[in-house]
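With chain A fixed as given, assemble chain B onto it according to the hints.
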Amino acid sequence: DAGVTQSPTHLIKTRGQQVTLRCSPKSGHDTVSWYQQALGQGPQFIFQYYEEEERQRGNFPDRFSGHQFPNYSSELNVNALLLGDSALYLCASSLYKIGGSAQHFGDGTRLSIL
Amino acid sequence: GNSVTQMEGPVTLSEEAFLTINCTYTATGYPSLFWYVQYPGEGLQLLLKATKADDKGSNKGFEATYRKETTSFHLEKGSVQVSDSAVYFCALSRGGAQKLVFGQGTRLTINP
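Quick note, the sequences are listed as chains A and B, same order.
Throughout the first sequence, residue numbering follows the working numbering, covering 1 to 114 in sequence.
Throughout the second sequence, residue numbering follows the working numbering, covering 1 to 112 in sequence.
Only chain A is shown next, with the shape it has when bound in the complex (with noise of 0.2 Å):
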């Protein structure tokens, strides 16, 4: 049974430019999440996907944009890159009509902003 899984695992680009992160959801899971998470803090939530509309919102400017695709996989979106947006990107996926589901991460993607 395979976890959720995220591409690339890290990656490096200059501020201004245009990044998209994958997240594959764990298998029978219908609700994609991201999350932000800057070195030594713990993780800032970003949005939440549930068929194909973005559901929940968090304070993030609408520079971070996502999409969900019909198999539940989900792209996060990140335009005009600043050095504040260096971080891990973490994905969750979850059930979303189960009460107290818990979410499942994966191992996320290191961005580095130069």
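Hint data in this document are derived by calculation from the structure and do not stem from the laboratory.
Heads up, some of the hints might be wrong.
[What the hints assert, rightly or not] Derived DSBU-like pairs: lysine-lysine, alpha-carbon spacing no greater than 30 Å straight-line: (1) Lys26/A with Lys77/B; (2) Lys77/B with Lys13/A; (3) Lys97/A with Lys68/B; (4) Lys77/B with Lys56/B; (5) Lys77/B with Lys60/B; (6) Lys26/A with Lys52/B; (7) Lys52/B with Lys77/B; (8) Lys97/A with Lys52/B; (9) Lys68/B with Lys13/A; (10) Lys52/B with Lys68/B; (11) Lys56/B with Lys68/B; (12) Lys60/B with Lys97/A; (13) Lys56/B with Lys97/A; (14) Lys13/A with Lys26/A; (15) Lys97/A with Lys13/A.
[Unchecked claim] Restraint-style ranges between C-beta atoms, simulated for each label pair: (16) Asn59/B with His10/A: 26 to 34 Å; (17) Ser3/B with His10/A: 26 to 34 Å; (18) Asp54/B with Thr20/A: 39 to 47 Å; (19) Pro112/B with Gly58/A: 37 to 45 Å; (20) Glu76/B with Thr20/A: 37 to 45 Å; (21) Ala17/B with His10/A: 18 to 26 Å; (22) Ser3/B with Gly84/A: 32 to 40 Å; (23) Glu52/A with Val11/B: 40 to 48 Å; (24) Gln17/A with Leu13/B: 42 to 50 Å; (25) Asn59/B with Arg57/A: 30 to 38 Å; (26) Gln17/A with Gly78/B: 48 to 56 Å; (27) Ala2/A with Gly9/B: 26 to 34 Å; (28) Pro70/A with Gly9/B: 37 to 45 Å; (29) Gly58/A with Glu42/B: 21 to 29 Å.
[Stated by the list, open to error] Partner residues are not named here, just some residues of chain A that face chain B (Cβ under 8 Å, in silico): (30) Pro43; (31) Gln48; (32) Gln103; (33) Phe105.
C-beta: ideal position from N, C-alpha, C; glycine also.
Below, chain B without anything else, positioned relative to chain A:
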């Protein structure tokens, strides 16, 4: 708004010592509570959870009890091992697939 406060680290213990990592929360209603663990270079792994007051979550020797009267969910283990060295995160959600709100994390180091 909802928030989680964890005991500040880092925490350093000797093998076989007793572990407590404190976690308190602020939330309306009855959130679900979680402990996640992060090993170096990896994502977060769910350690245990509790979904209602007085529930006890347990896994791999770790335990935490959902205390609504003190809004706490402290993590405990009776005898830690070197392999328990990691960063531990307390988190809450408002149920269903609601977003997780994390504490700042507590780095635990166990010396042999």
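So, going through the hints one by one against the coordinates:
no.	hint	result
1	Lys26/A with Lys77/B	holds, 29 Å
2	Lys77/B with Lys13/A	violated, 42 Å
3	Lys97/A with Lys68/B	holds, 24 Å
4	Lys77/B with Lys56/B	holds, 13 Å
5	Lys77/B with Lys60/B	holds, 9 Å
6	Lys26/A with Lys52/B	holds, 25 Å
7	Lys52/B with Lys77/B	holds, 21 Å
8	Lys97/A with Lys52/B	holds, 17 Å
9	Lys68/B with Lys13/A	violated, 45 Å
10	Lys52/B with Lys68/B	holds, 9 Å
11	Lys56/B with Lys68/B	holds, 12 Å
12	Lys60/B with Lys97/A	holds, 28 Å
13	Lys56/B with Lys97/A	holds, 23 Å
14	Lys13/A with Lys26/A	holds, 28 Å
15	Lys97/A with Lys13/A	violated, 37 Å
16	Asn59/B with His10/A: 26 to 34 Å	holds, 30 Å
17	Ser3/B with His10/A: 26 to 34 Å	holds, 31 Å
18	Asp54/B with Thr20/A: 39 to 47 Å	holds, 45 Å
19	Pro112/B with Gly58/A: 37 to 45 Å	holds, 40 Å
20	Glu76/B with Thr20/A: 37 to 45 Å	holds, 42 Å
21	Ala17/B with His10/A: 18 to 26 Å	violated, 36 Å
22	Ser3/B with Gly84/A: 32 to 40 Å	violated, 22 Å
23	Glu52/A with Val11/B: 40 to 48 Å	holds, 43 Å
24	Gln17/A with Leu13/B: 42 to 50 Å	holds, 44 Å
25	Asn59/B with Arg57/A: 30 to 38 Å	holds, 31 Å
26	Gln17/A with Gly78/B: 48 to 56 Å	holds, 50 Å
27	Ala2/A with Gly9/B: 26 to 34 Å	holds, 33 Å
28	Pro70/A with Gly9/B: 37 to 45 Å	holds, 43 Å
29	Gly58/A with Glu42/B: 21 to 29 Å	holds, 23 Å
30	Pro43	holds, 5 Å
31	Gln48	holds, 6 Å
32	Gln103	holds, 6 Å
33	Phe105	holds, 4 Å
Comparing the model with each numbered hint stated earlier shows that hints 2, 9, 15, 21 and 22 do not hold.
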